[in-house]
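K.L.:
Chain order of the listed sequences is X and G. All residue numbers for the first sequence refer to this note's numbering, where the first residue is 1 and numbers rise by one. All residue numbers for the second sequence refer to this note's numbering, where the first residue is 1 and numbers rise by one.
Everything labelled a hint here was simulated from the structure, so no lab data went into it. Every value quoted in this text rests on a predicted model; they were computed, and no experiment measured them. Idealized CB from N, CA, C, for every residue including glycine. Please note: incorrect hints may appear among the correct ones.
[Claimed, not checked] Some chain G residues judged to face chain X by a derived CB distance under 8 Å, without partners named:
id : residue
1  : D148
2  : N238
3  : E247
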Amino acid sequence: MTDPVKTSTTSPKKGLSRRSLLKTGAAATAAAAFPAPMIWAQNIKDIKIVHVGQSYSTIPNIAEQANKDLDFTVEMQTSPDNTAQVNRMLTQPKSIDVSDVPITNMKYFVGRGVLSPVNVSEYKWYDKTVPIFTTGKYPDGGTVSMQGYSPMKAQYYTDESGSEYATEPTDWLVGVPLYYNADTLGIRPDLIGRPIESWAELLNPEFSGKVALQDGTGVGVPDAAMALQAMGDVEYVDKGNMTRAEIDATIDKLIEYKKEGHFRSFWTNFDQSVQLMASGEVVLQSMWSPAVTEVRTRGIECLYNGMKEGYRAWYIMMMPMAHLEGLQRECAIEYMNWFNSGWAGAFISRQGFYNSVPENVKPHMTENEYGYWYEGKEATEDILNPFGKVMEKAGVVRDGGSLWDRMGNIGIWNTLMDEDRYLVRRWQDFLAA
Amino acid sequence: MRVPPRVASWLQVAPMALVFTTMVLIPLGIITVVSFLDYDFARVFPEIYLGSWTDALTSPLTLSLYLTVFKFLLITLAITFVVGFWLAYFLVFHVESTGWRMGLLAAAAIPFWTPGPIRMVSWVPLLGKEGLVNKALMNAGITEAPLDWLLYSEFSVILAYCNLLTLAMLGPITHSMAKIPRSLIQAAQDAGAREWQIVRDVVLPLCKPGIAIGAIFIITAVLGDFFMIKIMSGGQINTPANAIATELAAFQYPPAAAKSVMLLVIVVVLITGLLRVVDIRKELQR
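Model the full structure from these sequences, guided by the hints.
P.N.:
Take a look at the structure:
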């Protein structure tokens with residue numbers, strides 16, 4: 001079958017690999033030889049791929065570009081939240097063709113038969129993908145932290161049946177890694193007045209009543225665990241997958257802090273975290289990278305440097321659903337390949353996330369942009385967000401430095417623990433205390 | 001063709017009975033069954049597990065959740081009743097023109113002109129550490145440091161509840177009060193009653209149905225709320241409804257189901273009790 005990807009008029013020539021050049025070249029030759037519309041081309045026009053994601057991935061600009069570049073139709077649908085999306089995937093899997101979720105959800109899908117395994121050969125950019133997701137190693141050979149939901153816990157299936165996750169590379173991918181980031185504490189330097197370099201500061205009595213945590217067991221708990229360990233309050237074997245005793249020790253300690261009035265607030269969404277920081281309610285808190293940027297665009301200083309114990313990392317994976325077959329499945333795979341072919345990755349990178357195939361993203365960004373976002377270089381001119389708004393002025397260096405400075409120092413990944421049932425129960429004790 | 005009266009009444013209740021059965025009774029039955037099943041990671045197993053119920057019925061967590069929510073409920077009821085009753089009294093007996101009365105009643109709905117999430121977010125610039133109230137207090141020299149209990153505290157939760165729910169009390173009480181015949185007040189005045197005696201012995205008893213309806217609104221709103229309390233307390237206060245929401249977000253359906261059934265029973269008992277004290281149906285026919 002001929003490659004259904006049209007050559008994008010917007011993508012610069014150097015962005016095309018030799019392989020895709022050969023393919024599109026072949027397609028062009030074929031099209032010239034048979035001017036009449038080919039049957040597959042007609043079929044493909046009738047195909048619609050429904051991509052269900054959350055507000056950070058199903059962005060109208062990306063859908064528009066996808067429909068420009070691809071021969072079939074792509075329809076994006078945005079789930080109101082993670083719970084709604086997981087529920088839809090489990091209970092109405094056929095209403096979705098392609099889905100993307102944070103991988104902390106993967107335990108909900110194992111053995112449920114709603115996802116379709118992807119053979120390594122189907123994923124065009126497998127060899128160009130950063131090795132954290134393909135081998136669980138860094139480019140220099142070092143091993144990526146296995147605390148929390150590390151890629152090697154749910155990136156591969158043991159075999160074609162897709163009934164079990166493998167902990168090492170196989171030929172069967174659970175999905176295509178999309179984007180990822182290294183999160184750390186958001187800091188108000190103007191209100192603190194000294195550098196913050198350890199997670200222990202989150203529980204420092206100096207900031208009592210001026211810190212916030214994300215309200216949840218997937219992010220709030222790992223953040224708290226980083227801090228408790230750094231304080232020497234609790235010892236962990238694997239703080240990303242605690243035992244019951246470790247959960248008890250964590251929650252009991254957190255309850256003590258809460259009763260002393262240590263926490264100002266727990267936030268549940270992006271806007272709340274921005275507001276807490278921007279209004280000066282808190283000086284130190286769990287935060288996402290785009291929220292830090294949002295605070296800064298309001299003219300308020302906000303730092304996002306790494307802590308010496310490492311970052312809290314996460315990543316989002318895109319998966320085809322099990323009901324797909326034939327041409328429909330091929331188009332779904334093609335769409336996933338498109339998503340990592342550069343344009344969408346560059347768009348997302350301008351919001352402060354990383355794409356899993358930086359090589360593809362590079363030609364779609366200016367040298368200044370790529371240098372700032374990926375290489376830790378000083379911005380030579382203003383950095384704009386995907387919608388053209390100035391995010392950073394020239395001369396600024398990204399907090400934490402380059403991709404590997406940041407992703408190279410991971411203390412923990414976002415989690416979904418084996419003892420989730422117990423943890424959620426104890427977390428409620430904490431909230432009620 | 002004549003339909004026998006018996007058949008006619010069955011036909012009349014049929015649509016409501018159908019809706020009630022399919023939309024309320026059957027789902028409630030399923031929820032009850034689920035609450036007795038075992039679970040893990042977004043999955044419910046067809047195996048009996050009583051843990052959700054033992055936890056819901058015996059844990060200190062449940063006790064603390066209900067003590068918390070009832071504290072908020074009683075305080076909110078008291079404040080909204082006092083404020084709602086006096087506002088209604090003023091509107092009905094002291095505002096002469098009907099136009100003004102309707103206008104003022106409509107003005108009480110101003111908090112509802114903005115959608116909930118925005119209303120919740122806008123409390124921060126008002127009550128926050130760098131908010132208007134704190135700035136005003138500090139400028140006036142009343143306080144030296146910003147008061148942090150104005151926001152993300154029990155105070156802010158109660159404030160938001162009263163801001164939002166006073167109308168639920170004001171409306172029904174105004175309705176009841178407007179129905180009191182002026183001749184009754186006149187008779188009391190002629191008999192030499194002072195204003196406060198009229199309020200206590202005539203107006204208040206006749207407003208009972210309005211108060212009861214207002215209370216029902218407020219009981220269901222407070223016991224069922226998880227959104228406002230989460231925002232206004234900064235997630236620092238946990239209630240039964242919040243616990244259910246947390247478990248649903250973690251895909252743990254059986255404990256959420258057990259807590260839901262329990263909450264429903266408590267709400268039904270409360271409202272039934274209230275309806276025994278005040279016969280709303282009889283009073284409304286008046």
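K.L.:
All hints, please: hold or fail.
P.N.:
Tested hints:
no.: 1; hint: D148; verdict: 6 Å, holds
no.: 2; hint: N238; verdict: 4 Å, holds
no.: 3; hint: E247; verdict: 7 Å, holds
In terms of the numbered hints stated before, the structure departs from none.
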